[in-house]
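A.B. asks: Here is how the chains run, residue by residue.
2 protein chains.
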Amino acid sequence: MTAQQKSQTRSLTARGATTRSRIIDAAADLIYDHGVEGTSLDVVMAASGVSKSQLYHYFGDKDALVLEVIARQTERVLEAQQPHLGALDSLAALKAWRDAIVALNKATRGRGCPVGSLASELSNDSQSARKHLAGSFAVWSERIEQGLDKMQKRGELVSSAEPHDLALALLGAVQGGLLLAKTTQSSRPLEIALDMAIDHVASQMTRRAKSRRR
Amino acid sequence: MTAQQKSQTRSLTARGATTRSRIIDAAADLIYDHGVEGTSLDVVMAASGVSKSQLYHYFGDKDALVLEVIARQTERVLEAQQPHLGALDSLAALKAWRDAIVALNKATRGRGCPVGSLASELSNDSQSARKHLAGSFAVWSERIEQGLDKMQKRGELVSSAEPHDLALALLGAVQGGLLLAKTTQSSRPLEIALDMAIDHVASQMTRRAKSRRR
DNA sequence: CGCTAATTGGACTAACTAGTCCAGTTTGCA
DNA sequence: TGCAAACTGGACTAGTTAGTCCAATTAGCG
Numbered sequence: 002m003t004a005q006q007k008s009q010t011r012s013l014t015a016r017g018a019t020t021r022s023r024i025i026d027a028a029a030d031l032i033y034d035h036g037v038e039g040t041s042l043d044v045v046m047a048a049s050g051v052s053k054s055q056l057y058h059y060f061g062d063k064d065a066l067v068l069e070v071i072a073r074q075t076e077r078v079l080e081a082q083q084p085h086l087g088a089l090d091s092l093a094a095l096k097a098w099r100d101a102i103v104a105l106n107k108a109t110r111g112r113g114c115p116v117g118s119l120a121s122e123l124s125n126d127s128q129s130a131r132k133h134l135a136g137s138f139a140v141w142s143e144r145i146e147q148g149l150d151k152m153q154k155r156g157e158l159v160s161s162a163e164p165h166d167l168a169l170a171l172l173g174a175v176q177g178g179l180l181l182a183k184t185t186q187s188s189r190p191l192e193i194a195l196d197m198a199i200d201h202v203a204s205q206m207t208r209r210a211k212s213r214r215r
Numbered sequence: 002m003t004a005q006q007k008s009q010t011r012s013l014t015a016r017g018a019t020t021r022s023r024i025i026d027a028a029a030d031l032i033y034d035h036g037v038e039g040t041s042l043d044v045v046m047a048a049s050g051v052s053k054s055q056l057y058h059y060f061g062d063k064d065a066l067v068l069e070v071i072a073r074q075t076e077r078v079l080e081a082q083q084p085h086l087g088a089l090d091s092l093a094a095l096k097a098w099r100d101a102i103v104a105l106n107k108a109t110r111g112r113g114c115p116v117g118s119l120a121s122e123l124s125n126d127s128q129s130a131r132k133h134l135a136g137s138f139a140v141w142s143e144r145i146e147q148g149l150d151k152m153q154k155r156g157e158l159v160s161s162a163e164p165h166d167l168a169l170a171l172l173g174a175v176q177g178g179l180l181l182a183k184t185t186q187s188s189r190p191l192e193i194a195l196d197m198a199i200d201h202v203a204s205q206m207t208r209r210a211k212s213r214r215r
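First to last, the sequence lines map onto chains B and P. Quick note, the first sequence lines up with residues 2 to 215 if you use the working numbering. Quick note, the second sequence lines up with residues 2 to 215 if you use the working numbering.
Calculated from the structure, these hints are not laboratory results. It is possible that some hints are incorrect.
[To be verified] Taking lysine-lysine and the DSS-like style, the derived pairs with C-alpha atoms no more than 30 angstroms apart in a straight line are:
| # | chain 1 | residue 1 | chain 2 | residue 2 |
| --- | --- | --- | --- | --- |
| 1 | B | K154 | B | K211 |
| 2 | B | K211 | P | K211 |
| 3 | P | K132 | B | K107 |
[Stated by the list, open to error] Per label pair, the in silico range of CB-to-CB distance:
| # | chain 1 | residue 1 | chain 2 | residue 2 | range |
| --- | --- | --- | --- | --- | --- |
| 4 | B | D34 | P | R209 | 47 to 57 angstroms |
| 5 | P | Q83 | B | G17 | 25 to 35 angstroms |
| 6 | B | E80 | P | R23 | 46 to 56 angstroms |
| 7 | B | K96 | P | H165 | 16 to 26 angstroms |
[Unchecked claim] From the derived model, a few chain B residues whose C-beta atoms are all more than 10 angstroms from chain P:
| # | residue |
| --- | --- |
| 8 | V103 |
| 9 | S161 |
| 10 | L172 |
| 11 | G173 |
| 12 | A198 |
Keep in mind that this is a model prediction, so the values were computed, not measured. The C-beta atom is built at its ideal place from N, Cα and C for all residues, glycine as well.
Model the full assembly from the supplied sequences, consistent with the hints where possible.
C.D. replies: See below:
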């Protein structure tokens, strides 16, 4: 039985679920700050107040815990963008989303995107982690795409526009902008990248939709 | 005397300089693949064929070596983009640069940008590394800006365009695109991000320059 | 040549790492 | 109530880590 099967198959009491969740939260926070390799299980134990046997009771090994952290951070990141991410179907909504991301970046004191950081650190070495993170980006991108799709169906985006590609471009701008913002400790690069991406969407809006927005 | 002063002040024989450089190269390669925390000094020793005393003879500690790796990777990345990076002063040049980056991404089998990876891993924990990496991005961005500046002075970019911001947007697209490409193991996100950024530059070209390009 | 400093080899340490093991406690359920 | 399973505590191990130390060798230079 693999570690993953274990955590899925075995039954958990309410207390057990709480403990397990507390471990993931603590690990997610620590890994956000110091990376996977920079976070030892000892500090995870200390931060979550559990013993080593508890850690290995709930997770097969460190890699299994990291996969759970990926899932948790993906949830957190998507939730943090609500309600914007759920309805990116107008230029105004895109701009509000942009502002929210910029604000979020300031709130996290420019520590970047947790999912992006994990992707950067793990994609080379762990195929399994890489696939999970690719899935995270896919979900994120799909959420963006849904809004653009709506715009296109409403006739606000030209029919030649490709919502899938536009969504990927927007997500790329978020990631690139956040990385530069984190490194330079300024939110300017993030703002510039996002504005560019939104302009790119605007450039594929129909004349009708453009005139309506004034 | 700090480690940095040591390596700057002390004289190096030709043999010493070679050894020192070999260590940095080996460390750069290993860190590119496995990250800083994932690369032990023991494997650096093995890969470069030096002993521990040599390592500590040339570098004060691991952090000092990492700073040299940052510098080396910055050089490598900038050189790899030549001759394009030296003259990004037309839409054609930008497109050729785009193709070169995509090709480079394929050549490195989608392992991403060495500078970007270092920035992602180190920016939170090491102010010193973060500043050096911010410097790397600044140089990179300036090189891009120089070409755009030329275009503007020639009247090919509208006077309201801001070459500095455009350069940052282009660099952000490179970084975001490379991260998504690395995670999804596809060069599509990179191509999409770069095309968007180049369109963004094109959208700020003067009518004269646009007609000329046909 | 001969001296000084650069360079090299490798044993050694103290701290930390992921992971194991077993014994004890709590909980849900028949 | 009693029992099986979930849960917890913490000692323990074997391997790895960055960093130290000293002795030996090599190279430049007057």
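A.B. asks: Checked against the structure, which of the hints given earlier come out wrong?
C.D. replies: Numbers 5, 10, 11 and 12 - these are the hints that the structure violates, sorted from lowest upward.
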